[in-house]
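Participant: This is what each chain is made of:
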Amino acid sequence: MDLLGFYPLFYVPEIGSAWLMGITGAIHIMASHTSVGAALLFAFLAHKAQKENRTDLYDYMKRYGMFLLIFSYVIGSITGPGIWYTATAASPRGISALIHNFVWVWATEWVFFVYEVLGVFALIYFIDKVDRKTHLKLTYTFAIASVGTLALIIGIISFMMWPGTEAYYATGSASDAFFGTNTFPHMFLRIGFMIMMSGIIGMIISSAMRKENKELSEELTQKMGWVSLLGGFVTVFFFMWYIDTLPANAHALLGMAKDSIILNRIILAILFSIYFLIAIAKPQWVTRTLAITMMFIIGIVGVWPGEKLRETMRKPWVAGQYVYSNQIIGRDVPGKEIKDETPLLAEKGLLKLNPWIPDRLRTITPENKLEVGKLLTRIACSNCHSLEKEGLYRPLMPLAGPMGEDGIRDYMKNVIGTGSSPYMPTIALPDEEYDAMAAYIASQAK
Amino acid sequence: MDATFINVMKDAAGVPFYPVVFQGLYVLTWALHAAFVLLALGSMGLSIYGSTQQKSDPYWKILTPHLIMTGKISVSVLIVLGVAPLLFTQVIYDSGWYVANTLSGAWVFIFIYALVIGYMMYYWYQYANKKGSSGNTLIGIISFAILVFCGVLMHNFAVEAISPTKWMDWYAPNGVVDNAGWNMHLDLLRLGFMVSLMIPVTGIFMQNYSRFLSTREDFEPKYLEFVKNIGTKMAVIGLLISAALFAVWMLKENLLLHPLSLATVVSVVILLVLAMRNKNSYVTTGMLVIVALFISGIRELIRYNIMSGIGYDLYGYPMNLEWETIIMFLLTFVVLGFTGIAFILTMAWKVGKTKGVYTATEGSAVSRLANASLTLFILWIVVYFGWGMVALFKNTL
Ligand code: HEM
Numbered sequence: 001m002d003l004l005g006f007y008p009l010f011y012v013p014e015i016g017s018a019w020l021m022g023i024t025g026a027i028h029i030m031a032s033h034t035s036v037g038a039a040l041l042f043a044f045l046a047h048k049a050q051k052e053n054r055t056d057l058y059d060y061m062k063r064y065g066m067f068l069l070i071f072s073y074v075i076g077s078i079t080g081p082g083i084w085y086t087a088t089a090a091s092p093r094g095i096s097a098l099i100h101n102f103v104w105v106w107a108t109e110w111v112f113f114v115y116e117v118l119g120v121f122a123l124i125y126f127i128d129k130v131d132r133k134t135h136l137k138l139t140y141t142f143a144i145a146s147v148g149t150l151a152l153i154i155g156i157i158s159f160m161m162w163p164g165t166e167a168y169y170a171t172g173s174a175s176d177a178f179f180g181t182n183t184f185p186h187m188f189l190r191i192g193f194m195i196m197m198s199g200i201i202g203m204i205i206s207s208a209m210r211k212e213n214k215e216l217s218e219e220l221t222q223k224m225g226w227v228s229l230l231g232g233f234v235t236v237f238f239f240m241w242y243i244d245t246l247p248a249n250a251h252a253l254l255g256m257a258k259d260s261i262i263l264n265r266i267i268l269a270i271l272f273s274i275y276f277l278i279a280i281a282k283p284q285w286v287t288r289t290l291a292i293t294m295m296f297i298i299g300i301v302g303v304w305p306g307e308k309l310r311e312t313m314r315k316p317w318v319a320g321q322y323v324y325s326n327q328i329i330g331r332d333v334p335g336k337e338i339k340d341e342t343p344l345l346a347e348k349g350l351l352k353l354n355p356w357i358p359d360r361l362r363t364i365t366p367e368n369k370l371e372v373g374k375l376l377t378r379i380a381c382s383n384c385h386s387l388e389k390e391g392l393y394r395p396l397m398p399l400a401g402p403m404g405e406d407g408i409r410d411y412m413k414n415v416i417g418t419g420s421s422p423y424m425p426t427i428a429l430p431d432e433e434y435d436a437m438a439a440y441i442a443s444q445a446k
Numbered sequence: 447m448d449a450t451f452i453n454v455m456k457d458a459a460g461v462p463f464y465p466v467v468f469q470g471l472y473v474l475t476w477a478l479h480a481a482f483v484l485l486a487l488g489s490m491g492l493s494i495y496g497s498t499q500q501k502s503d504p505y506w507k508i509l510t511p512h513l514i515m516t517g518k519i520s521v522s523v524l525i526v527l528g529v530a531p532l533l534f535t536q537v538i539y540d541s542g543w544y545v546a547n548t549l550s551g552a553w554v555f556i557f558i559y560a561l562v563i564g565y566m567m568y569y570w571y572q573y574a575n576k577k578g579s580s581g582n583t584l585i586g587i588i589s590f591a592i593l594v595f596c597g598v599l600m601h602n603f604a605v606e607a608i609s610p611t612k613w614m615d616w617y618a619p620n621g622v623v624d625n626a627g628w629n630m631h632l633d634l635l636r637l638g639f640m641v642s643l644m645i646p647v648t649g650i651f652m653q654n655y656s657r658f659l660s661t662r663e664d665f666e667p668k669y670l671e672f673v674k675n676i677g678t679k680m681a682v683i684g685l686l687i688s689a690a691l692f693a694v695w696m697l698k699e700n701l702l703l704h705p706l707s708l709a710t711v712v713s714v715v716i717l718l719v720l721a722m723r724n725k726n727s728y729v730t731t732g733m734l735v736i737v738a739l740f741i742s743g744i745r746e747l748i749r750y751n752i753m754s755g756i757g758y759d760l761y762g763y764p765m766n767l768e769w770e771t772i773i774m775f776l777l778t779f780v781v782l783g784f785t786g787i788a789f790i791l792t793m794a795w796k797v798g799k800t801k802g803v804y805t806a807t808e809g810s811a812v813s814r815l816a817n818a819s820l821t822l823f824i825l826w827i828v829v830y831f832g833w834g835m836v837a838l839f840k841n842t843l
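Residue numbers (the numbering used here), protein chains in the order written: chain A, 1 to 446; chain B, 447 to 843.
Everything labelled a hint here was simulated from the structure, so no lab data went into it.
Built from N, CA and C at the ideal position, the CB exists for glycine as well.
One thing to keep in mind: the hints can contain errors.
What the hints assert, rightly or not - Okay, the calculated beta carbon distance ranges per label pair: (1) 3/A - 769/B: 29 to 39 Å; (2) 284/A - 503/B: 21 to 31 Å; (3) 55/A - 817/B: 23 to 33 Å.
The following block holds chain A by itself, in its conformation from the complex:
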């Protein structure tokens, strides 16, 4: 019996499993980017403290460090594997593809992680326990190790969007997959954002120091204003280059949402420029409440839509433009001897080829038709669509319902089944499977 290597389906009603990932991802981005940015900032501050004998700066680093421990090394280091875990539940074959291409890159990153985790404790708790020079060297290595973790993950997440060139498909080599055209712009975009985040968080710490030392507090708020402004500029600059290196399907999707995105980014850029300029010109205006509010704004209005956009632009793929979001392998990768699964699916259907179909549902009967339709719809569509009428994640019923049962069947067969949609996977199946799905969707959309 022919079977394809699918996994059981984990289905989350209303919001979809991808949103679980998105939530974890957005939190992780805030924490991890702050952590790398702060590592760079620490190197800068420790250098300055040493050179100009500014012992008061160590005090600031210590407070910042304590915050960092919780924010980045509790939340960040847990949500990191957390994205991975939730992505596994939501998209096992997508994660599997990444793991099997990049296991040694990840293992290398792990070496850096271990260094970072031990390093951060040493950096913070040894500030007054080890001589300044050794501490400074530790700070430098810590900064490079942190950037190293970015350098190693960035090629992998860029590959999720696309390999960047055709080379990977022919060679199957991880190096070709990792260093695509998208990798470096993506990296510097993130470095900019990291620097900006370190300034935004830095202002929370500096504004909280006002009571004890007003002068230092304002000086540091001012410095953090400059740091954030610099980071923000780098982010915007590389964002443009980054957009330019995206694949065609991403541009198709980007085009659909372009106006609202541009508006959102312009408003954000203006708002935050004003904030940073205030910090520079009138540091006393930046209170702790304001600083914390601005952190939440960047998270909720900046990062969360950004994550959703990145997820959208990747469609219909989830990894390397060969694994579809709905877990079907949609193209050949000769370099790895990977075969496109869509022709076989078109011939034999999911009911025969997916190992996780209970035997009693493998053959469609009038009694089980709707049940089969429901299962198939979940398998084929739910990675990108909520199946509840009021669902939050591109709800399917309002989109498909108006077409009516026959219309849905025709649309699936002639549009989705032929791969004519730029953002939906090719879901080519035998007619009776389309029938069952159309019947189910029509019955739910009523």
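Given chain A, put chain B with the ligand in place with the hints provided.
Facilitator: The following block gives chain B with the ligand in isolation, referenced to the frame of chain A:
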């Protein structure tokens, strides 16, 4: 469930290196993960007891915050060390790991946030304990309970991953598919044994603590004696409990007479004698590492037997040999990793042994390791960008 089924779920890309290497790395890194899981849970559990004693007992007053700190750092370390076996397990046993994660998808999500909350509460516990606020013990207990619960969830995934014959029943009981991801299946004996090890591990840690600080004149010898005695007691009693659970577990798995299991028993007996006599706790710790590796090996043996028993061909996993990235890993791991970690640990050792500020003089081990690490890190970044540019030019020009 038959063999075609499980072999078909091997990733289409194949593995990039010999499966046995991943298997070895898995055993090694899981042992490290487990060591810090046990130290974290054990020191935290004991600190909760300490937090009820510290008001009246001056020794517990010193020891409790130290235990809390040990637990705090250990949790961070166990998380980062957990990443490695997480990686290797899904390279060679992807089928088991991904099925477990999808069958228990809801628990996967809960695991992450439980860990975030449990660990944040741990920081709160430390803070409350420092401030002497009255709720500290309660906060500690809740945090401890949450972290133990995370361990139960981990165990759930591990058990599901090695139960291939039951997967279909769990996914579609009576032929009705359940996609909600709320599966939970425990093997209490296995879990009990794993968790029981936190007692001896923490005991041996306390023997080390006492030995390490014995050269510091600002620690009273009587205090160190006190800590050492608790440590020895915990190590001995804990080892007896764990050994009993181990024997029953092995009996149930039909592995009691397997050479690996016998070797484990022998090494546990040696460990027991070493811990009881406590001549040199560092030697005892070396033995503990060996025991941990054996236990990790047994876990792997159980899994290998189950999987190959239903026809899973681990060593026949299709392979696309990949040299560039493995060379990067090996060089980074061995050269940069060992130097860097040696730098931090040597520095920590010196700081711990010094009252006041430790100064690394020119030419001292710490100073040389610091310079070497810095040089290697810079070199690494240069090679990275060089490599990236060559790859990009090759593929785009
Ligand atoms: C407080 C948090 C944690 C505790 C108490 C804990 C505890 C455990 C325990 C008891 C096991 C053994 C289960 C068994 O064999 O029955 C285990 C296995 C494992 N843990 Fe953890 N763990 C924690 C966090 C983590 C994290 C954050 C990761 C990943 C980053 C992780 C990765 C693993 C892996 C990969 C295994 C092996 C699973 C297998 O072989 O199937 N753990 N853990």
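Participant: Next step is simple, just say for each hint if it's right about the structure.
Facilitator: Verification of the supplied hints:
1. At about 32 Å, the beta-carbon gap between residue 3/A and residue 769/B stays in the expected band of 29 to 39 Å.
2. Between residue 284/A and residue 503/B the C-beta distance comes to about 49 Å, which lies outside the given range of 21 to 31 Å.
3. For residue 55/A and residue 817/B, the hinted distance range of 23 to 33 Å is satisfied, since their beta carbons lie about 24 Å from each other.
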